[in-house]
Amino acid sequence: MSASVANGSHVNVAAGGTLLEVRSVAKKFGAATVLKNISLDIAAGEFLTLLGESGSGKTTLLRLIAGFEAPTSGEIWMSGQRLDTLPPYRRPVNTVFQHYALFPHMSVQENVAYGLHVKGTAAGEATSRAEEALRMVKMHEFAGARPAKLSGGQQQRVALARALVNRPQLLLLDEPLSALDANLRKQMQSELKSLQRELGITFLFVTHDQEEAMALSDRIALLRGGALEQIASPREIYGHPATAYAAQFIGQTNLLHADVRGGWAVCGALRWPTGEADGPAIFSLRPEVIACARGDEASAGAVAFRGVVRQQLFGGANETLEIACGPEQILRVRIPAAEPLSGEHTFTFFPADAIRVRA
Amino acid sequence: MYSRAYKSLVSLPPLLWVGIFLLLPYALMFVHSFWMVRDGFIVHHWNLDNYAALFTKPVYLQVLLRTMRIAASVTLCSLLLGYPLAYYLSFHAGTRKELLYQLVIVPLWVSYLVRGYAWKTILGSTGVLNGFLQYAHITHAPVGFLLYSPFAVVLMLTHIYTPFVFLPIYAALETIPRPLLEASQDLGATPGKTFRRIILPLSMPGLLAGATFAFVLSLGDFLAPLLVGGASGTMIANVVQSLFGAAYDWPLGAAVSVCILMLTLALLFFTETFEKRWSFK
Amino acid sequence: MQAATPSRRQPALSAYAMFVFAFIYLPVVVLIAYSFNRDGVGGFPPRHFTLHWYGQLFGDSAIWDAVLNSLLVAAGSVALALTLGLLAALALDRASFPGKALFRRLVLLPLILPGIITGLSLLMFAVFVNAPLNLLTVFFGHGTALISVATTELFAGLQKLDRAQEEASLDLGATPWQTFWRITLPNLKLSLIAAGLLIFTLSMDEIAVTFFLIGRDNTLPMEIWGRLRQGMTPEINAISTLIFVVSVALISIWYRLRTRTLRDVS
Numbered sequence: 001m002s003a004s005v006a007n008g009s010h011v012n013v014a015a016g017g018t019l020l021e022v023r024s025v026a027k028k029f030g031a032a033t034v035l036k037n038i039s040l041d042i043a044a045g046e047f048l049t050l051l052g053e054s055g056s057g058k059t060t061l062l063r064l065i066a067g068f069e070a071p072t073s074g075e076i077w078m079s080g081q082r083l084d085t086l087p088p089y090r091r092p093v094n095t096v097f098q099h100y101a102l103f104p105h106m107s108v109q110e111n112v113a114y115g116l117h118v119k120g121t122a123a124g125e126a127t128s129r130a131e132e133a134l135r136m137v138k139m140h141e142f143a144g145a146r147p148a149k150l151s152g153g154q155q156q157r158v159a160l161a162r163a164l165v166n167r168p169q170l171l172l173l174d175e176p177l178s179a180l181d182a183n184l185r186k187q188m189q190s191e192l193k194s195l196q197r198e199l200g201i202t203f204l205f206v207t208h209d210q211e212e213a214m215a216l217s218d219r220i221a222l223l224r225g226g227a228l229e230q231i232a233s234p235r236e237i238y239g240h241p242a243t244a245y246a247a248q249f250i251g252q253t254n255l256l257h258a259d260v261r262g263g264w265a266v267c268g269a270l271r272w273p274t275g276e277a278d279g280p281a282i283f284s285l286r287p288e289v290i291a292c293a294r295g296d297e298a299s300a301g302a303v304a305f306r307g308v309v310r311q312q313l314f315g316g317a318n319e320t321l322e323i324a325c326g327p328e329q330i331l332r333v334r335i336p337a338a339e340p341l342s343g344e345h346t347f348t349f350f351p352a353d354a355i356r357v358r359a
Numbered sequence: 360m361y362s363r364a365y366k367s368l369v370s371l372p373p374l375l376w377v378g379i380f381l382l383l384p385y386a387l388m389f390v391h392s393f394w395m396v397r398d399g400f401i402v403h404h405w406n407l408d409n410y411a412a413l414f415t416k417p418v419y420l421q422v423l424l425r426t427m428r429i430a431a432s433v434t435l436c437s438l439l440l441g442y443p444l445a446y447y448l449s450f451h452a453g454t455r456k457e458l459l460y461q462l463v464i465v466p467l468w469v470s471y472l473v474r475g476y477a478w479k480t481i482l483g484s485t486g487v488l489n490g491f492l493q494y495a496h497i498t499h500a501p502v503g504f505l506l507y508s509p510f511a512v513v514l515m516l517t518h519i520y521t522p523f524v525f526l527p528i529y530a531a532l533e534t535i536p537r538p539l540l541e542a543s544q545d546l547g548a549t550p551g552k553t554f555r556r557i558i559l560p561l562s563m564p565g566l567l568a569g570a571t572f573a574f575v576l577s578l579g580d581f582l583a584p585l586l587v588g589g590a591s592g593t594m595i596a597n598v599v600q601s602l603f604g605a606a607y608d609w610p611l612g613a614a615v616s617v618c619i620l621m622l623t624l625a626l627l628f629f630t631e632t633f634e635k636r637w638s639f640k
Numbered sequence: 641m642q643a644a645t646p647s648r649r650q651p652a653l654s655a656y657a658m659f660v661f662a663f664i665y666l667p668v669v670v671l672i673a674y675s676f677n678r679d680g681v682g683g684f685p686p687r688h689f690t691l692h693w694y695g696q697l698f699g700d701s702a703i704w705d706a707v708l709n710s711l712l713v714a715a716g717s718v719a720l721a722l723t724l725g726l727l728a729a730l731a732l733d734r735a736s737f738p739g740k741a742l743f744r745r746l747v748l749l750p751l752i753l754p755g756i757i758t759g760l761s762l763l764m765f766a767v768f769v770n771a772p773l774n775l776l777t778v779f780f781g782h783g784t785a786l787i788s789v790a791t792t793e794l795f796a797g798l799q800k801l802d803r804a805q806e807e808a809s810l811d812l813g814a815t816p817w818q819t820f821w822r823i824t825l826p827n828l829k830l831s832l833i834a835a836g837l838l839i840f841t842l843s844m845d846e847i848a849v850t851f852f853l854i855g856r857d858n859t860l861p862m863e864i865w866g867r868l869r870q871g872m873t874p875e876i877n878a879i880s881t882l883i884f885v886v887s888v889a890l891i892s893i894w895y896r897l898r899t900r901t902l903r904d905v906s
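Chains as they are written, first to last, in the numbering used here: chain E, 1 to 359; chain R, 360 to 640; chain W, 641 to 906.
Keep in mind that a hint or two might mislead.
Straight line, CA to CA, 27 Å or less: simulated DSSO-like cross-link-like pairs of lysine-lysine [stated by the list, open to error]:
#1 LYS456/R / LYS366/R
#2 LYS149/E / LYS186/E
#3 LYS829/W / LYS366/R
#4 LYS138/E / LYS119/E
#5 LYS186/E / LYS138/E
#6 LYS829/W / LYS149/E
#7 LYS800/W / LYS456/R
#8 LYS740/W / LYS829/W
#9 LYS193/E / LYS138/E
#10 LYS552/R / LYS119/E
#11 LYS635/R / LYS552/R
#12 LYS740/W / LYS800/W
#13 LYS829/W / LYS119/E
#14 LYS138/E / LYS149/E
#15 LYS635/R / LYS829/W
#16 LYS800/W / LYS149/E
#17 LYS366/R / LYS740/W
#18 LYS366/R / LYS800/W
#19 LYS28/E / LYS829/W
#20 LYS740/W / LYS635/R
#21 LYS800/W / LYS829/W
#22 LYS28/E / LYS366/R
Since the hints were derived computationally from the structure, they do not count as laboratory data.
Please model the complete structure; the sequences and the hints are all you need to start from.
Put into structure tokens, the structure is as follows:
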């Protein structure tokens, strides 16, 4: 089944080649600038996530690509064809809407076949393709039902089938899982990911949930206030956040506003060697790279400091400590589950784990 | 997301239609009010005499004052009937709420003329009410003041506009979040205080909308006076009607119409302003 | 839910509410009762049940001509007002043009202005363009005045319509035209029916505007109006009763449709 969709007429870009190019796109609504000069490429077959808080412009960017809004300036290209001048119904992209936008007056089957019908596909072919798509999302038993009779998760699957049946080159997903409860959400994440692998369709996924973005994406484009903050693989963006904002938004971190002098960075009670030039610098130190030293042994190359355990939050496999290591200096430390701790302890970290970030 | 062609396609026909068949006629009315009648013909001689007549001849002012008195009485009576009814339905009707609501709505759909006619048969000197009063030996001769009086006009219009007044008030009461009332009681307010401090202010936009509706529609009514009002129940719109009819003075009639129109628009403007103040958004 | 005073009954309020209901329904009950009264429209109590007045009504060709005229005018008004009202609602919902705020108010004017002003303005217009007064002028008057009702009702329907529905349709490859017919209109079905029934009823009942635009052929309300001047007979009660029954039937149909559609959707 998946093969027939993957080999459909629209999918013709060599794997890894650029499918979609967003070139210096800006969008204003009246006086408000929602997107500032965004440029990014999406590779064919990629799962790219637009991540950001509400108001970051992620949904606007998606709507520009879908064609519901026109960019104020800039261009959007897809496989050598200019996209932003086409009306939405002539673009080889399809969207899974945030609240699904299933047509309430049509059955599940009619919803899925809609895109084929309006493009004049023969009724027989439309029916069999719709059935195939519904089977793919395991909803073929509900073909005759009205959307209102379905649960949120089922509506989600129908919305997915309705988009995929048209064999888009690029599937746009606008926070598709945000309306589902936590368990169903995890399950749908995994199904989405395997569906994307099987079909080889490029996914552009919008979410405000950083965990979801990290679990699903090949690359994450982090948006902030209408500008691109960082675009990289989840591992890269977590391990080497470019900015303080990226470090804080993706995962938890300790931001150290340090002063660098003569190859040493100093921030309150912490002092570690660094290759950065002299002057003020911000470093990101993830809670899990700090270790609590039992006894006095410290690993070679690690730097040590003393801290008083202020609070201990049990998290199952691990514990999060809040430690005070000087007046007004609180650090967050994540260690494997341990017995309750109190009093002063020695903590260590490797200087290489303190990542220099931009403000 | 809608193209320029789509927007023009949906905008132009109604714009043109409304421009030709609504704006132009209203404009004609306005223009006529500055013309005059000479030797039984309307001549396009621009003047302000019509308006001068309105403000100098006491008869017009008298009728206008009576009209406003009647409209105010109708508004007050409709509120006194409509508000408690809406309050009862919204807060105390329980499971019968939907049925009772339908029962209020039904008369809205029933002909104005039919309802006016019904009152005529009830109030007349040989009517049902007089028949009943004599049958029950409460009176021995027909009571004459019932029909063909301002009282009859107020009664008939109140009957017609009570459901109209009920509707926006009920809608406003229904949108009051019920936890607010629980919070008010929780904070120690008695039911009476809760009504005065919470329910009444929050239902004010609906109350204003209903009151405006009743007042404005009563103000321009000319059928109720003809049906049940008699000479003492004549209202300003009847003056217009006779100026356009038997008296054949369209320019003067147009001037009176323009005054009614301005009065109506001014009222609507004021309530709109007040409604905004009371809507807490 | 009895939030204001939980678990406390309000006998005085209930009694008052019943009184208001009685006030609202008393005239209608009297009207119907006396339509079966042999001795005319007044007096108390009604004696001698008869169907005579209904018999007389069914043989009264002038009344039925007027009914036919009213039906013609009402049907035409529904078509005209719904078409233009739908376009106006779409324009107000989606387009921006100079004078939009003014247009919105202008369309609604016939709804809030006294009927006599709209009626007389249209009369002046008819005289201005030298149009003879007949059922056509009445139809133009009703249709134009009732655009206000259609616009309000359909605009409210459009506001409730999820814009994402239309976006999804375009996204799936439907042209704006296809989207209008397959998504927008079906979603507005309920508002269209409601507006249509309301316009029909209002047109059937209209006097204030009709009064000034009518030619030689009477609509039903104008026919009744004319007869009232000659004196009241229970025949008028009989036709009023029929009007009442038809009105109630129309509301029930509308109400059933609404509850059924609501059940389908939710």
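Hints, one by one, checked against the model:
With a CA separation close to 43 Å, the supplied pair LYS456/R and LYS366/R exceeds the 27 Å bound. For the suggested pair LYS149/E and LYS186/E, the alpha carbons sit about 23 Å apart, so the restraint of at most 27 Å is met. The hinted pair formed by LYS829/W and LYS366/R meets the criterion: a straight-line CA distance of about 21 Å does not exceed 27 Å. A hinted pair counts as satisfied when its Cα atoms are at most 27 Å apart, and LYS138/E with LYS119/E qualifies at roughly 25 Å.
Distance hint between LYS186/E and LYS138/E is fulfilled; the C-alpha atoms sit about 17 Å from each other, no more than 27 Å. A distance of roughly 20 Å separates the Cα atoms of LYS829/W and LYS149/E; the hinted pair therefore holds under the 27 Å criterion. A distance of roughly 25 Å separates the Cα atoms of LYS800/W and LYS456/R; the hinted pair therefore holds under the 27 Å criterion. Between LYS740/W and LYS829/W the alpha-carbon distance is near 26 Å, which keeps this suggested pair within the 27 Å criterion.
Restraint check: the Cα-Cα separation between LYS193/E and LYS138/E comes to about 15 Å, which is no more than 27 Å; the hinted pair holds. Between LYS552/R and LYS119/E the CA atoms are separated by roughly 63 Å; this puts the pair beyond 27 Å, and the hint is violated. A hinted pair counts as satisfied when its Cα atoms are at most 27 Å apart, and LYS635/R with LYS552/R qualifies at roughly 24 Å. Proposed proximity of LYS740/W and LYS800/W is supported: the alpha carbons are some 21 Å apart, at most 27 Å.
For the hint linking LYS829/W to LYS119/E, the alpha-carbon distance of about 24 Å falls within 27 Å, and the restraint holds. Straight-line distance between C-alpha atoms of LYS138/E and LYS149/E comes to about 16 Å, which keeps the hinted pair within the 27 Å bound. A distance of roughly 32 Å separates the Cα atoms of LYS635/R and LYS829/W; the hinted pair therefore is violated under the 27 Å criterion. Using a Cα cut-off of 27 Å, the hinted pair LYS800/W and LYS149/E holds, with the two alpha carbons roughly 20 Å apart.
Note on LYS366/R and LYS740/W: the hinted pairing holds, with a Cα-Cα distance of about 13 Å set against a maximum of 27 Å. Among the hinted pairs, LYS366/R with LYS800/W is consistent with the structure: their alpha-carbon atoms are about 20 Å apart, no more than 27 Å. With a C-alpha separation of about 35 Å, the suggested pair LYS28/E and LYS829/W falls outside the 27 Å cut-off, and the hint is violated. Between LYS740/W and LYS635/R the alpha-carbon distance is near 21 Å, which keeps this suggested pair within the 27 Å criterion.
Simply put, LYS800/W and LYS829/W have alpha-carbon atoms about 12 Å apart, close enough for the 27 Å limit, and the pair holds. For a cut-off of 27 Å, the pair hint linking LYS28/E to LYS366/R stands: about 21 Å separates their Cα positions.
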